[in-house]
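Listed in order, the protein sequences are those of chains A and B.
Each residue of the first sequence is one higher than the last, beginning at 1 in my numbering.
Each residue of the second sequence is one higher than the last, beginning at 1 in my numbering.
What the hints contain is simulated information worked out from the structure, not anything from laboratory work.
Wrong hints could be hidden among the right ones.
What follows is a list of derived Cβ distance ranges for each label pair [to be verified]:
hint : chain 1 : residue 1 : chain 2 : residue 2 : range
1    : A       : Tyr103    : B       : Ser105    : 54 to 60 angstroms
2    : B       : Asn3      : A       : Leu368    : 34 to 40 angstroms
3    : A       : Tyr173    : B       : Val201    : 52 to 58 angstroms
4    : B       : Asn56     : A       : Trp406    : 41 to 47 angstroms
5    : A       : Tyr103    : B       : His362    : 41 to 47 angstroms
EDC-like, lysine to aspartate or glutamate: derived pairs with alpha carbons at most 16 angstroms apart [said to hold, decoys possible]:
hint : chain 1 : residue 1 : chain 2 : residue 2
6    : A       : Lys357    : A       : Glu293
7    : A       : Lys149    : A       : Glu293
8    : B       : Lys109    : A       : Asp433
9    : B       : Lys489    : B       : Asp55
10   : B       : Lys158    : A       : Asp229
11   : B       : Lys110    : A       : Glu293
All C-beta atoms in this analysis are idealised placements derived from N, C-alpha and C, irrespective of residue type, glycine included.
Residue-level listing of the chains:
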Amino acid sequence: MFNNIQEFYNMLPMIIIGAGILVSIVIEMYSRKSEELIAWFSVFIFIAAAIYSLLTVNSTSIILQGMLATGGNVNILYFIFNFGAAIVTLLSLDYIKKYGTYYGEYYILLQSSVLGMMFMAGAKDLFMIFLGLELMSICFYALAGINRKRLNANEASLKYFLLGAFATGFVVYGIALIFGTAQTTSIDLIVAKFQELSGNLLFIAGILLFVIGFSFKIAAFPFHMWVPDVYQGSATTIAGLFSTGGKAAAFSALIVTVGAIFSSTIGNLFEPYLIVISVFSMLIGSIVAIAQEDIKRMLAYSSISHAGYMIIGFAAGNSEGLAGIIFYLAAYTFMNLGAFGIIALIEGKDETNLSIKSYAGLSHRNPLLAALLSVFMFSLAGIPPFAGFFGKYYIFIAAIKAELTWLAILGVVSSAISVYFYLRIVVLMYFKDAEFEISLEKSNTGLFAVIVSALLVIALGVAPGSVINLISSFF
Amino acid sequence: MENNYLIPYLLLAPFIGGVLVLFINKNKENLIRYFGLAVSLIVFIISLIIYFDFDNADGGFQFLYRFSWIENLNISFYVGVDGLSLLLVLLTTFLTPLTLLSSWSSIDKKVKEFTFFMLMLELGMLGVFVSLDMFLFYIFWEAMLIPMYFIIGIWGGKQRIYASIKFFIYTMFGSLLMLVAIIWLAVYASSSLGYFTTDLVELYKVGPTVPKTIQNYMFLAFAFSFAIKVPLFPLHTWLPDAHVEAPTAGSVILAGVLLKMGTYGLLRFCLPLFPQSSISFAPAISVLAVIGIIYGALVAMVQKDMKKLVAYSSVAHLGFVVLGIFAMNLEAVQGAVIQMINHGLSTGALFILVGVIYERTHTREISEYGGIAKIVPIYAFALLFASLSSVGLPGLNGFIGEFLILLGSFKSTVLNNIWFTVFAASGVIFAAVYLLWMYQRVAFGEVKNPMMNELKDMTKREMLVLLPIFVFIVWIGIYPSTFLKVSEKTVRNILEQVETPHKAELK
């Protein structure tokens, strides 16, 4: 199976997670306190895989007969997925008791979805991508509806499944057309054939279908309709995972596959399409979010608009754009997980305290949570010195270098609009008094996870230099 | 290049102080107040050290400190001061301890948070004035909104939420367009310099070479952002709301320093980076400035609320500053610089005085007062003094600034039209009308409101706050060259950047 021992070392992050899943299943079968045990075990394997990926970031190689790439940005993405999943797990420890899904399966599904994400990010073959996509998506469908007694969760799960399956159909059809014209599913071989295939209508249609299928997963216009309902219906921690890990995985699949196309000459063909979905995602996300009264729906629309900013990176099609997307993904993962984490901490039993009004006067009740949520809101709004600002800055540099200045201007207009609804939360927390009392349950692990996210958001904002250097050295 | 650590210390002091405040028990309010005051005094002392070491004969940037920050984009933590920024740094460090002292008793809830935000605000303002890298500048420029937003929103008046959001979104929108222009300029510079950079000193060389049409767009993006901050008519509508709703300390900082960030930006970025565009837009902007002078004065005249009156007077005064900047000769720009300082002192003093009386009576309606000169003579004197300084009485500071600006704009070859001066000069008369009329209604006449008989005069602490301001008001009025000579060489350098294209145009 392995050509040499180095291959084994290079794919160790996947082996850790894969073996972890098997061990977890065994623990689930034999242990009575499996919920807690598996949770801590998950944290352990996620952190181990994350740290290992970061340490071996420089050992780039292509392994498993040209199926998987390791090292470089792939490992950075592995770090994002695994670290994000560790934060989700820490948040879930107390949350799932409130939510009524105190099962060990919860964590096993979480681990499997992360494995799917890693397949997508490292793929060197279209089949690998499809395998990863399905593994991740099916776990996600199940996670969305994990509490089968809740009507909302059922609706979310079914909606997600039907639309998701439809979108996967697009991806498969796209892959079929690409295979039919290029006679290969290896990404490198397809890239080599770009020039001769660029006139082939079926090939172009295949790529377009592929991109459309993924724009569903990244929650971009016009395939964004499912996002608010699914985020609202599923457990808060899971919604956090959908909006960060799931989105990051879909973006990474686009980077490894069509990223190369967008930066080539035939990329101009797709530029208008990318610009349109980027502009509409940004503006629809920012404008509709203003009208939301449910904080999870608000963050869902904000997640649509953030997808729009990241697509600017594809539209720009230069190395800054792609590096910018990866940085943005890192920043977005931690600030959004932090925000969802605080929602999960504040949420009461039976999905109460989810309206924006529940946040009124939070600074009196719990100054620490209010301060942390403000950090995430300011970062999401793209205000320095937090990570979200630098992500946008880098993406805008890419756009202006690609002579898409007006797209950058639309980006800043959308940011200015979005400031309103992010600030509304801060206004409620600090400037208004509580209209009704809510009881806050303590969760030390959850609080710890949120603090770690906040520190990362600040660190990535104040000292983005080394991270951006690392990312762009691989392009 | 030798790194000089004075400016990093200047920035670190309020930052470390602010973080330390968070660790003090929130019930020890007096300790927090003294600590905040001590930190701001340390910052003031550091700025004084910079002032005494400053070489007036050198027009370039001094006390440079560079630390490579984001290598990939050539962004460095690059700070330094020249004559222009030094004066504004001194104004900031001078006003911050005074505002902390002035809010000693008026801020009685969440003292800890207040002190923290005030110190962070000071950090942001100082950062704006000392940044020599446009990325760094932008970070401070935006980040500074956060503490100000909280200061208005938490400690403000009834409409504070509306005012704070309006303030935030207004300024944020303007500055985001500037962000695009900054990146565009840096990308443009990378083709002529060979690398991407936001280093201001290097961009000074590139800016004037940008083709005229594009320069116009970029000038507008920058000028729009600064004009909102100044605020230039018709972008001033956020100002009265923010001023009236902010607590006294917020108003003083807002008027004293924040508005200067706009005029500082015009001088630091717009003129030297885009000289051709600055010249061609000078008449248009000067028209807006003159409209602002007259409009601000007329609206101030009819205000019933003392604080709103002072707020609108800011629109008028800042109109003078902008007119001076775009007259683009030595007298006018020097006048504008000194007028920035003047406005910070006299309007700051006026806001403090309004705050002092509001704390006692809880009303700012002019009609509620009358005849208080008999009851609180010291207060009445202080109010008169600050008003006269704001009016521009010869011998006090306001006169020097307005005189230089009017003189400069009269002979300006860029504006080349005496009507600007004629109309602007009428603003001086209006200023006398609204301020002295306000003073007359408040201080003289019969005591209408029986509540006023119980009014207590200024406390020692309040006098201590105003005394240093009054000293400088007289100092600038009598011997302005102490301050003029600091900025003279720098202003000459900035004007040199503009003169070359202007002379070419005249030929």
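Discussion item. Just to be careful, I want the Cα atoms of Lys110 of chain B and Glu293 of chain A compared with a cutoff of 16 angstroms; is the pair within it?
Written reply: violated (29 angstroms)
Practice prompt. For the range 54 to 60 angstroms, tell me whether the beta carbons of Tyr103 of chain A and Ser105 of chain B fit it or not.
Written response: holds (58 angstroms)
Discussion item. Does the beta carbon distance between Tyr173 of chain A and Val201 of chain B stay inside 52 to 58 angstroms, or does it fall outside?
Written reply: holds (56 angstroms)
Worksheet item: Regarding the pair Lys149 of chain A and Glu293 of chain A, is the alpha-carbon distance no greater than 16 angstroms?
Response: violated (25 angstroms)
Discussion item. With the threshold set at 16 angstroms, check whether the alpha-carbon distance from Lys357 of chain A to Glu293 of chain A stays at or below it.
Written reply: Given that 16 angstroms is the threshold and the Cα spacing comes to 8 angstroms, the pair holds.
Item to complete: With 34 to 40 angstroms as the target window, see if Asn3 of chain B and Leu368 of chain A comply at their CB atoms.
Response: Holds, at about 37 angstroms.
Discussion item. What's the verdict on Lys158 of chain B and Asp229 of chain A, does the C-alpha distance respect the 16 angstroms limit or exceed it?
Written reply: violated (37 angstroms)
Worksheet item: Do the Cβ positions of Asn56 of chain B and Trp406 of chain A conform to the proposed distance bound of 41 to 47 angstroms?
Response: holds (45 angstroms)
Discussion item. Just to be careful, I want the Cα atoms of Lys489 of chain B and Asp55 of chain B compared with a cutoff of 16 angstroms; is the pair within it?
Written reply: holds (10 angstroms)
Item to complete: Look at the Cβ atoms of Tyr103 of chain A and His362 of chain B and judge whether their distance stays inside 41 to 47 angstroms.
Response: violated (60 angstroms)
Fill in: Proposed proximity, Asp433 of chain A with Lys109 of chain B (alpha carbon, max 16 angstroms)
Holds: Lys109 of chain B and Asp433 of chain A sit about 14 angstroms apart, inside 16 angstroms.
This entry does not satisfy hints 5, 7, 10, 11, going by the numbered hints stated previously.
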